[in-house]
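Engineer: Sequence:
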Amino acid sequence: MSPVLAGVLQLLALVVALGLSYRPLGDHMARVYSSEKHYKPEKWIYKAIGANPSVEMRWPAYLRGVLAFSAVSVLFLYGLQRLQGSLPGSLGFASIDPDQAFNTAASFVANTNWQSYSGEQAMGHVVQTGGLAVQNFVSAAVGMAVAVALVRGFARSRTGELGNFWADLVRGVVRILLPISVVGALVLVACGAIQNFAGIHEVGQFTGGTQQWNGGAVASQEVIKELGTNGGGYFNANSAHPFENPNGLSNLFEIYLILVIPFALTRTFGRMVGSLRQGYAILGTMAVIWLGFTALMMWTEFAGRGPAFELAGGAMEGKETRFGISASAIFSVATTLTSTGAVNSFHSSNTGFGGGINLLGMQLGEIAPGGVGSGLYGMLIMAIIAVFIAGLMVGRTPEYLGKKIGTREIKFAACYILVTPALVLGFTAASFVLDTPAHSMTNSGAHGFSEILYAFTSGANNNGSAFAGLNADTQWFNSTIGIAMLLGRFLPMVFVLALAGSLAEQTPVPETAGTLRTEKPLFTGLLVGTIMIITGLTYFPALALGPLAEGLAA
1 MSPVLAGVLQ LLALVVALGL SYRPLGDHMA RVYSSEKHYK PEKWIYKAIG ANPSVEMRWP
61 AYLRGVLAFS AVSVLFLYGL QRLQGSLPGS LGFASIDPDQ AFNTAASFVA NTNWQSYSGE
121 QAMGHVVQTG GLAVQNFVSA AVGMAVAVAL VRGFARSRTG ELGNFWADLV RGVVRILLPI
181 SVVGALVLVA CGAIQNFAGI HEVGQFTGGT QQWNGGAVAS QEVIKELGTN GGGYFNANSA
241 HPFENPNGLS NLFEIYLILV IPFALTRTFG RMVGSLRQGY AILGTMAVIW LGFTALMMWT
301 EFAGRGPAFE LAGGAMEGKE TRFGISASAI FSVATTLTST GAVNSFHSSN TGFGGGINLL
361 GMQLGEIAPG GVGSGLYGML IMAIIAVFIA GLMVGRTPEY LGKKIGTREI KFAACYILVT
421 PALVLGFTAA SFVLDTPAHS MTNSGAHGFS EILYAFTSGA NNNGSAFAGL NADTQWFNST
481 IGIAMLLGRF LPMVFVLALA GSLAEQTPVP ETAGTLRTEK PLFTGLLVGT IMIITGLTYF
541 PALALGPLAE GLAA
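Residue 1 is where the sequence shown starts when you use the working numbering, and the numbers rise one by one after that.
Check each hint, because a few of them may be wrong.
Heads up, simulated BS3-like pairs for lysine-lysine below, C-alpha to C-alpha not over 30 Å straight-line [unchecked claim]:
#, residue 1, residue 2
1, Lys47, Lys37
2, Lys520, Lys404
3, Lys520, Lys411
FYI, nobody ran anything at the bench for these hints, they're computed from the structure.
Kindly generate the complete structure, drawing on both the sequences and the hints.
Structural biologist: Quick look at the structure:
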């Protein structure tokens with residue numbers, strides 16, 4: 001079987017699995033976030049944190065809950081790392097330095113999971129399991145809660161109430177993420193991923209010395225790392241490591257975990273706003289971009305020129321022979337079009353155009369299908385921009401789902417789409433103006449530029465994957481990428497929740513003959529075009545200096 005055919009068959013199997021999960025999971029999540037019932041374990045949690053889950057919140061109160069919980073999480077995770085040397089189960093590792101502890105705390109709380117350290121050489125069992133794995137659950141649940149709050153903004157009228165953040169947070173963990181993770185961890189263990197609390201041990205004799213490996217609760221952390229679109233690896237090699245991702249079956253399962261909730265949330269959206277066809281339109285937009293990027297990535301990685309490419313059958317540098325080019329291409333597109341950041345190959349070793357596809361996937365805002373929650377609310381923001389553009393073209397006041405998109409709403413949407421480009425381009429420019437950051441690059445020219453552009457794109461968009469070749473464990477990069485991750489995560493949430501509150505206060509506008517039909521394929525095409533044009537205009541000059549220049553010079 002040819003590698004290309006194998007890739008196509010894997011992609012078809014993935015589409016079938018996602019299709020079978022779409023309806024039951026989407027409907028389940030709609031029931032979870034619409035239910036008024038509280039399970040006994042949830043009541044224990046509410047009592048422990050002093051929250052009343054039955055009290056409805058307006059958007060400022062909802063936002064305060066998001067920010068307060070996240071701030072406490074950053075402080076807790078920072079303190080846990082700084083105390084690691086005194087904790088049991090530290091495997092003899094020292095406490096983490098202040099700048100790296102801040103970067104890691106910001107990273108995992110912001111659902112980014114950017115890592116400027118080697119996990120097996122820095123983090124003990126307590127920090128990995130009690131700190132990082134916990135944040136994998138709750139940071140994902142925060143993103144889902146914010147998305148549901150925006151959906152309620154569309155679904156409700158003449159009220160500013162968006163639900164209860166604490167109830168949404170707890171239900172997201174207890175009723176959605178945790179049950180799937182338990183089953184998923186068992187699947188990964190069956191595939192060969194490790195799950196233990198073993199210490200450091202020597203595994204063999206290599207060139208006159210011994211090699212050491214850590215044990216760890218890897219399978220349980222791996223499943224939520226993918227399911228919650230987190231991405232932080234237990235080991236430095238991330239999902240290229242055989243303890244995390246043993247074979248082709250586990251690789252395909254991990255890709256499925258990355259995509260299943262973001263795609264299924266479109267049905268949750270359709271169910272909660274009372275129109276499944278609206279959800280299908282958003283799903284169609286996500287699917288068109290995802291499939292298009294996957295096809296382009298596979299083509300660029302198979303179509304390289306030169307003897308090395310021909311002998312290997314494509315761009316095999318930096319890829320695991322267990323997976324090959326096709327599975328690596330599918331994985332890399334899935335991880336950069338979502339906010340996952342897990343990698344099963346070195347993105348820096350992709351062809352010039354392949355690296356550009358990964359960069360562009362993040363720069364779209366990771367909305368196809370995007371991170372859990374963040375992908376849905378990012379796509380809905382772009383839908384608002386699209387109906388605004390359509391309204392300008394025909395001279396009508398733009399409307400979406402029966403809500404008028406007025407000056408206030410479009411300002412919130414515009415602020416949302418400007419935050420991450422400002423962070424990415426601003427910090428990238430500053431890194432080249434100063435002397436010290438440029439010394440962290442191991443490559444010069446276009447590829448070296450892409451290393452730094454990729455780092456801040458990954459951080460500000462809460463992706464977490466790295467281009468490799470960049471020494472990011474410096475005070476400059478630990479601090480600036482940490483700031484970019486926090487601002488890139490929480491500033492957009494401010495505008496999303498403010499927009500949700502504004503929409504919820506409106507009186508629905510009746511549909512007329514002149515209303516734009518946003519459930520039709522025509523709107524899907526308009527939405528895809530809007531996304532690509534806005535991103536192209538914003539990032540094209542930077543992409544031209546990096547991956548495009550490298551690809552054209554190859």
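Engineer: Under the constraints set out in the numbered hints, which ones does this structure not fulfil?
Structural biologist: No hint contradicted; all consistent.
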